[in-house]
Amino acid sequence: MSEEEGLPREVLEAVEEYYNQPEIVELVESLRKPESIEDLGLPEEYVENLVLKVIADRGPVSGREIYEVTRIPIPILEEIVGELEDRKLVGHTGGGPMFQNTNFDVTPKGRDLAENIMKEDPYIGVCPVPYEDYVDVVGDQVEGRYPIEIPEEVVEYAFHDVVGAEEAKRVYRIAATSGRGLIVYGPPGTGKTFTLSRMAKLLPPIVIPRAVYVAGSVLQLYDPDFHEPRPRREQPEDRRWVKIHAPFVFTGAELTLDDLQGRYDADKGVYEVPPHVKAHGGVFLVDDVGRQRDSHIAILNRLIVPMENKKDIVHVAGTAVEVFCDFIAAFSTNLPITVFDEAHLRRAPLFVHLSHPPLDDAVELFRKRLEEMGEKYTEDAIETYRKAFLPEEEGGWGLKPTFAYARDVAQIAQAIRIQEGKDVIDREIVEKAMRHHIVLTLQRHGADLDKFGSEETEVSVTTVVVKGAGEEVDRIERIPGVRTAVRLGDDVYVDLEGISPTKFIESLRQEGIRFADVEFVGTFQSSILAEATAMEELMASSEESGEEASEASSEASGGSVAGGSSAEKTAKVEEGAEEGGGSSSDLDVDLEEVEDLLKDLE
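According to my numbering, the residues represented by the sequence shown are 1 to 602, in order.
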């Protein structure tokens, strides 16, 4: 944390004070450097064997390197290595004269012993702390942790790089104050993971052991992927312990029930705690709820007990071991809220809805991303980015902005600038970057991205013919539930998905669209993959011209009218007057004529 983040000095000072409250400072000071083997709290034979394994594995190795691996203080290491030398298991190989500069290696006798030890216990790493010490130190921090009084300066610091999302910030602060879980809902790219990661900064740091000795084995708690240490000056003298920022641990669709049990790493000789235990003192996010391979209900049920009790059970060498997991649960999804049941909602009672951001916020974030990357840019480059999210009637692409697009387009634009040897990102570069972004291009050509990645391969599609509405094809395409609309002469062939013909006719009338009548062609099972295949043609046309390829889009979409089996039955649904209404007709269309027409369309 530094003033380079653009925050006032008084804000940074308030954050430092918050992260170093008297309680945690006192705790850190109590974890003094061990002065003897007995102070380590472990069997002497276990400690000696650990040092011997390090020397055998890394040798020749200096005293300083042995310390870096084990975090056992130098005076204690001198005593242990001296004992190993007396037993003819270890010898000097050079360096000196200070212990930390002296190199050591194992003797043939020492290597044989080390190999036998490693067959039973291959662990080589930080000297663990005894389980009893873990319970005392970590348990004291859990007691009375909530509610937390969070200063305004800490809120400003935590969210200083979050654009917009004011309501989400308020709810995150409530969650961090109370320790209660929350559900975050919103479409992809709206900042769910990013904003939740900033929420963890609202929480004070904690002290954890790197590893715990229990049941004759090692339980590894510290994970550098999720645990960020505070500065060295704030660390305990006993380096087996580490003061860390409140962690943010996230999982997604890959999460399984087995992951929540922890696992034994036979190569390292350690038992790794599950992700929700690594999240102790911080935030645990389960992203994409409902898309896991295992039942998401079973996964959420598995988390109920640790959410309730702030503890869980892991198994170490066949022994059930109680561990702390005082985390704030966050569940995010873009599926209906019914993926959760009442038990889950009661334990994550807060709710945040992150929708597509306002255009000004999205554009501001794009500008911010370019500046963070050290890029120079022209104002017309920014306006070109804005244009993509303006309505079509205002000359834009009509796309919905997301925060993810700002990052992606900025990075692609930077790459194009470098490739073209330019010094500034201009309008042309941003246009190229957006044309190369697959999601933006697919959306621009009308692809329904909700169907992409679906395991469902077919959908039910109803085809109707809107007679005498050829001039209205563009307006018909914009009616919700219209999959494709293709003009043939004065008529429009329409594929409907998720909307009945009757509702569609009501929509025609509500929109004031002029038509003569509407005929029911049939119901088909249409392949989702057909739409994706059509996108290949659209992408090709986009790369060639970089402009809207409306004719190619219509032709590609037209193929889906006949993208299924023959019509079940052809019947007149309703006949409309020129003003959008009228009496019904008894005229039927011959089934063979329809089948011939469908073959021609294919």
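A few of these clues could be false.
Label pairs and their computed distance ranges (CB to CB) [said to hold, decoys possible]: (1) E35 to L345: 50 to 60 Å; (2) G252 to E83: 24 to 34 Å; (3) D161 to G91: 48 to 58 Å; (4) E29 to V135: 54 to 64 Å.
The hints are simulated quantities; they were obtained by calculation from the structure and are not laboratory data. Idealized CB from N, CA, C, for every residue including glycine.
Consistency of the hints with the structure:
no., hint, in the structure
1, E35 to L345: 50 to 60 Å, "holds, 52 Å"
2, G252 to E83: 24 to 34 Å, "violated, 49 Å"
3, D161 to G91: 48 to 58 Å, "holds, 55 Å"
4, E29 to V135: 54 to 64 Å, "violated, 20 Å"
The structure is inconsistent with the numbered hints 2 and 4, although it conforms to all the rest.
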